[in-house]
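Student: Given the coordinates of chain A, assemble chains B and C onto it according to the supplied hints.
These are the residues of each chain, in order.
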Amino acid sequence: MNFLLLAAEGATELPMAVSSGTNWFLEHAWIVPLLPALSFVIILFFGKRMPKKGAEVGIAAVGLAFIFAVITGVAWIDHRDNFQPSPAAEHAVVIDGSVSVGDQVVLAAAETPVDGVAAEGTVGEAGAEAEAEHPTVAIHKSTTWLHNNGVGFDAGILVDGLSVLMLFVVTLVSLLVHVYSTDYVAGDRGYTHFFAFLSLFTASMLFFVLSDNILQMVVGWELVGVCSFVLIGHWWEEKANSDAAMKAFLTNRVGDTGLLIGVIILFFTAGNGSFDTLTINSNIVNGGVSHTALVVAAMSLTAAVMSKSGQFILHTWLPDAMAGPTPVSALIHAATMVVAGIYMVARLYPVFFEGMQIGGSSINLLAVVGAITLVFGGLLAFVQNDIKKVLAYSTISQLGYMAMALGVGAWTAAIFHLFTHAFFKACLFLGAGSASHAVHSFDMKKDMGGLKKWMPHTYRTFVVASLALAGVFPLAGFWSKDEILSGTGGWGLFGGTGGNGSYTFMLVMGTFGAALTGAYMTRVIYLTFHGEFRGHGTPHENGRRIIVPLYVLATVALLGGLVNLPPGFITGNHSSWQERFGHYVEPVAGYFPHIAHATPSYSLAIASSLVAFAGIGYAYWYYFVKLDNLAKATGESLTELPDGFVAKSGVARAGHTLLVQKYYLDHLYTDIIAGTTKGAIARAANWVNQNVIDGTVDLVGRTSVKAGRFTYDKIDQPIIDGIVNASGSASNAAGDGFRIVQTGKIQQYAALLFAGAALLGGVLVIVLSL
Amino acid sequence: MSALFAAVSTTAPIFVAQNVFFGIIALLMIVSALKVVTTSNVVHAALWLVLVLAGAAAQFILLGSEFVAVTQVLVYIGAVVVLFLFGVMLTRASMGDDETVASEKRSMAAVVAALLLAVMSIALIDSFSDDRLVIDQPQLVTTVADSIFSQYIVPFEAVSVLLLAALIGAIVVARKD
Amino acid sequence: MLLNQFLLLAAVLFCIGVYGVLVRRNGMLVLMSIEIILNAVNINLVAFGALTDNVGGEVFALFTIAVAAAEVGIGLAIVLLMYRNRRSIDLSEADLLKG
Chain A
95 MNFLLLAAEG ATELPMAVSS GTNWFLEHAW IVPLLPALSF VIILFFGKRM
145 PKKGAEVGIA AVGLAFIFAV ITGVAWIDHR DNFQPSPAAE HAVVIDGSVS
195 VGDQVVLAAA ETPVDGVAAE GTVGEAGAEA EAEHPTVAIH KSTTWLHNNG
245 VGFDAGILVD GLSVLMLFVV TLVSLLVHVY STDYVAGDRG YTHFFAFLSL
295 FTASMLFFVL SDNILQMVVG WELVGVCSFV LIGHWWEEKA NSDAAMKAFL
345 TNRVGDTGLL IGVIILFFTA GNGSFDTLTI NSNIVNGGVS HTALVVAAMS
395 LTAAVMSKSG QFILHTWLPD AMAGPTPVSA LIHAATMVVA GIYMVARLYP
445 VFFEGMQIGG SSINLLAVVG AITLVFGGLL AFVQNDIKKV LAYSTISQLG
495 YMAMALGVGA WTAAIFHLFT HAFFKACLFL GAGSASHAVH SFDMKKDMGG
545 LKKWMPHTYR TFVVASLALA GVFPLAGFWS KDEILSGTGG WGLFGGTGGN
595 GSYTFMLVMG TFGAALTGAY MTRVIYLTFH GEFRGHGTPH ENGRRIIVPL
645 YVLATVALLG GLVNLPPGFI TGNHSSWQER FGHYVEPVAG YFPHIAHATP
695 SYSLAIASSL VAFAGIGYAY WYYFVKLDNL AKATGESLTE LPDGFVAKSG
745 VARAGHTLLV QKYYLDHLYT DIIAGTTKGA IARAANWVNQ NVIDGTVDLV
795 GRTSVKAGRF TYDKIDQPII DGIVNASGSA SNAAGDGFRI VQTGKIQQYA
845 ALLFAGAALL GGVLVIVLSL
Chain B
413 MSALFAAVST TAPIFVAQNV FFGIIALLMI VSALKVVTTS NVVHAALWLV
463 LVLAGAAAQF ILLGSEFVAV TQVLVYIGAV VVLFLFGVML TRASMGDDET
513 VASEKRSMAA VVAALLLAVM SIALIDSFSD DRLVIDQPQL VTTVADSIFS
563 QYIVPFEAVS VLLLAALIGA IVVARKD
Chain C
3 MLLNQFLLLA AVLFCIGVYG VLVRRNGMLV LMSIEIILNA VNINLVAFGA
53 LTDNVGGEVF ALFTIAVAAA EVGIGLAIVL LMYRNRRSID LSEADLLKG
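Protein chains in written order, with my numbering: chain A, 95 to 864; chain B, 413 to 589; chain C, 3 to 101.
Here chain A stands alone, though its shape is the one from the complex:
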């Protein structure tokens, strides 16, 4: 058996669990990125001469890659369940350090094999759970790319649950986006070019998720960034678009600096001169790495996550990136590229878990960044009129959830949310694209409204995806969001949830974010699909190439949550259906830290659902009831209450006028209530409803919109953008200074060159003679 199991020191440590593979599809997972990469080359060189201008090559390649990814997924499931490390192997080979045997890298941290003693109390739940499950055996194949001065630069693949999941998500969304694009960008000048770069993007992302070492991850990361730049600036003739592309690229560079610093630190400390992810992770898990180095590395990598995954304060590029074609927004800025940062954290989780001391704590950088981002992004979504910008801020907010989940130790929850979010957010983006394709605008207030009548398919799928995003039971978003909230460990009622620490602040922010999510999605649905049409001409539903991807994504959004039912939800014969996702995706191996798993809580699920429904309900009442009635009464198509709290200056006056202006609502309420329960109680209830509940709801709404406006106007625009602009002008000024030297006269340049060489040579002579 070409399998070597290597053990780490101590009774509670898990075996390293790395194999060179047992299944053809798992061993050859590199074919998945290769297919779109080939397609990129073919489209670039021959695309224009093809009958469908290269689109058919892209779809075929990504389709094949998708089929391959599905088979790989099935193979992984079989491998996870049935691949038992043989007992003999447990004591068989123990090699110190890292030794290459053929194309297989064998890792070991220490000489002592596992002695089979059960977990000690120090590790507790995690250890006990880990003992209960047999280890996942990752497939690792690598080959030496180049060798220099004793340092080997490898290239290879690391196939485990996480990478297989990403293969599936990326290829599925990419395939649907390809199909969708054939209609959406049809007739565009850069049609072939567009498909070429969609393929390259897919290939880069797949390459990134299969990386077995951090250097390869950097390469994939940058490739993804370049594709993003090209695709955002697809319509570069308009200055705004090329500016947005530049902004995305440059903002990402800021974080990339952090990534490079982090990678270098890991190379020298945790990797002991190796870039290999497994070596780094297992060294950290075994505790042989300086904590200070890990703190610095984790913070540098957090900067990278902040830029790539649009976390506050480096998120500003993401809304601007909506300048790209909508399929690009769906593929890159919702489902795949922006989760590269999340994936990187998940892949190098020991760095963060140990570096930030996630276990047993109640606050850390990653969790705080995520928590702030999720609320901040959610608030900003309220004041946007562009439908794609609402979705962009929503994406930022949801990425905040993922970062927060990783920050509090809820690894599986974060990845699960990544999985569900990819589908419903892609569905929302494509739906928004479908609507805007019909009305030729993205402005909800000016050119949309009432589209429900003309675009029933888009409407249906959009609503399903919105409900999934808002976390309505039993759609996908509910399960993943609930799991994140449980994972914070901040819920103390009815026995609590356990987890890695007590992150109460994160729980509060997450729950508040759920309410915001529900509210802004309700607003979007009303403004886009309800009321009267405000645009020009007659919109019409799009063709099948746009509708079918929407339905596929909506179906996944509807059912996707069922793959990770919380334990205890189903009992009896079907109890093996619970937590399948975590079982297959989360590594149980020596390269993964011992994280504690939270137990789901019914009380928390109900409470968070109530909060989410409160958000939806409030927005529903505001738009579907109050605004709609007013619109019908005045015969106009309204987007905001003309006298709503936004139009008011003073809070008191606003509240007063609001109460006065509830005429139509009054009417409705009076009719309903009077029609059902007459008498004093009804009137009293009505009074309470009017004055107390409405007042509270209004106050909450007013505050959140004000907060949203405030953060947008006072923080986001002047400060964050200001900093970005200031750095731009600083480099501009520096450039002006250096311009003096740049006379354009070659001989002056040559003089400077020789003088510099002479000075450096002089320094060398002096140093050598010392």
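Do not rely on the hints blindly, as some may be mistaken.
Computed, partial: chain C to chain B, Cβ under 7 Å [to be verified]:
no.: 1; residue: 3
no.: 2; residue: 9
no.: 3; residue: 20
no.: 4; residue: 31
no.: 5; residue: 34
no.: 6; residue: 45
no.: 7; residue: 48
no.: 8; residue: 61
no.: 9; residue: 79
no.: 10; residue: 91
Computed far set for chain A versus chain B, every beta-carbon distance over 12 Å [unchecked claim]:
no.: 11; residue: 246
no.: 12; residue: 546
no.: 13; residue: 567
no.: 14; residue: 818
no.: 15; residue: 836
Hints in this document: simulated from the structure, not taken from any laboratory. Here the structure is a predicted model, which is why all the values come from computation and not from measurement. Ideal placement from N, C-alpha and C gives every residue a C-beta, glycine not left out.
Tutor: Using the frame of chain A, we list chains B and C on its own:
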């Protein structure tokens, strides 16, 4: 010249004639080179350059590298200088008005060159003051040929491709259309 | 003979060549100065070859001569092109490279 006198005081066999010739040729080369970079007449500069190149060929003979010396004469004096004269003719370059160079540019260049010379001299004297050359017989052309066509065959082929590329490049750059 | 006398001669020639490259305005004269620099390098190569009794020094000097010939060809072509476009080969007028 100090190197010349230093050589006398050592114990190794000294070929005085070689040293004397070296001194004469070196002086000639330096003076000619200075004329090349200072003369105002382009044609004169080309002719002074011939002297520098010929001096270099003579130094190669002193170093026992006859084949290189012959190649130097053939390629440089025979081809390159003629090429230069053709260039002068084709560009109808002004024959005597290159003297308008600003004085600060001159002094800047002189400072840079002097700095470079100082650094190199210090480094050379520091590193190689003990090494002496004993050239009792010239390097055989067969040795050079054997070496080029066995050990250095790949660079040789690369140079041939380079020459071809330069040929095509020169035509493409200079043709009139 | 000392090795250093050749090396120092080469250094002096090199610096004279550098001076010429920096000072000359005429493109032809700059090219000539570059030839002086290349010859200085060749003297170094051959001298070191003689010191170590290694034929590699000579072989590389030959390669340098070949490369120098190519360089002169291209350089003159560029100067000709410049002359044709601007009716002048004054390098101080070619300052379009400024930032």
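Student: Please go over all the hints and tell whether each is borne out by the structure.
Tutor: Right, here's what the structure says about each hint:
| no. | hint | verdict |
| --- | --- | --- |
| 1 | 3 | holds, 5 Å |
| 2 | 9 | holds, 5 Å |
| 3 | 20 | holds, 5 Å |
| 4 | 31 | holds, 6 Å |
| 5 | 34 | holds, 5 Å |
| 6 | 45 | holds, 6 Å |
| 7 | 48 | holds, 5 Å |
| 8 | 61 | holds, 5 Å |
| 9 | 79 | holds, 4 Å |
| 10 | 91 | holds, 5 Å |
| 11 | 246 | holds, 27 Å |
| 12 | 546 | holds, 65 Å |
| 13 | 567 | holds, 71 Å |
| 14 | 818 | holds, 41 Å |
| 15 | 836 | holds, 17 Å |
Of the numbered hints stated above, none is contradicted by the structure.
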